[in-house]
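Asker: Here is how the chains run, residue by residue.
Protein chains: 2
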Amino acid sequence: MRRTRFDEWPCPIARTTDLIGDWWTPLVLREAFTGRRRFEEFQEALGIPRAVLAARLDRLVTEGLLERRQYEDHPPRSEYRLTPKGLAFWDVLAAMWRWGDDWLFPEEQPPLQLVDRATGAEIRPCVVDEATGEPLDVRALRVCARPRPD
Amino acid sequence: MRRTRFDEWPCPIARTTDLIGDWWTPLVLREAFTGRRRFEEFQEALGIPRAVLAARLDRLVTEGLLERRQYEDHPPRSEYRLTPKGLAFWDVLAAMWRWGDDWLFPEEQPPLQLVDRATGAEIRPCVVDEATGEPLDVRALRVCARPRPD
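Each protein sequence line maps, in turn, to chains B and P.
If you're matching positions, the first sequence starts at 1 in my numbering and goes up one per residue.
If you're matching positions, the second sequence starts at 1 in my numbering and goes up one per residue.
Just chain B, with the same shape it has in the complex (with noise of 0.2 angstroms):
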């Protein structure tokens, strides 16, 4: 069945519901963020059926979060590396870590955490305004349509 894109629906959640509501596609780029480039190491550290790693990765190249390199010729090899947008794409998955750290392990520690490379603390991502630093509350906002520029 063919899916209903949201990928020029006026909301940017609708569009990159678009993105990552790709099965899978979360997990590539957590992958690309863990340092891994080739198919092949894709490939072996999810599991994932190579028809669908293939798609993934070639939707993340067209819409300009991989840069696909070739590393080799003979024969044509290549890899992955995240791009600017790519990497602007952490805060997302850091959200998700938050999210699914706090809620989805009911009755268990959860097994992972994140570090500070240099000092080994835990960062837990947090997200706020960036205006005040604060929490949001989404009680008190609302969405409304931007004023057009002058």
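All the pointers check out, no bait thrown in.
If chains are identical, the list can't say which one is meant, so a pair holds when it fits in one copy or spans any two.
Straight-line distance between alpha carbons at most 25 angstroms, and here's what the computed DMTMM-like set of lysine to aspartate or glutamate pairs gives:
(1) Lys85 / Glu63
(2) Lys85 / Glu108
(3) Lys85 / Asp22
(4) Lys85 / Asp102
(5) Lys85 / Asp116
(6) Lys85 / Glu41
(7) Lys85 / Glu107
(8) Lys85 / Glu67
(9) Lys85 / Asp58
(10) Lys85 / Asp7
(11) Lys85 / Glu40
(12) Lys85 / Glu130
Hints listed in this document are in silico derivations from the structure and should not be mistaken for laboratory results.
As the structure is a prediction and not an experimental result, all values here were calculated from the model.
Assemble chain P onto chain B, guided by the hints.
Answerer: For chain P alone, coordinates are given in the frame of chain B:
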């Protein structure tokens, strides 16, 4: 085809992906945050197929993000309200909003914005380290096994 499930993987990103990788689910939650509660309200706002909406609402109830309450007995009619677990999910949507706003409107001014209800000031969600208030630097962090409690 049956999907690979991620809901028992040790990584909180994987578990969250299992939930929001269901096509439409982030948008159903977005509508819940705008105050929609009834099946018909969700259906009209999104133009989502009814069977898909019913399945998505059921899963969100099962997973504990929405609570179903019967508001009429004859005929029986239910509404869906965000639980604390569902309310906490706003941070994930907010991170998706920000990244989409920054990167998915390449040739246009994004038509929508988040504003503070009281002041009308634009709100720009931003992901920081809870302890320091600093933006995350993905190159400075790593994933590791959580130490066992003594």
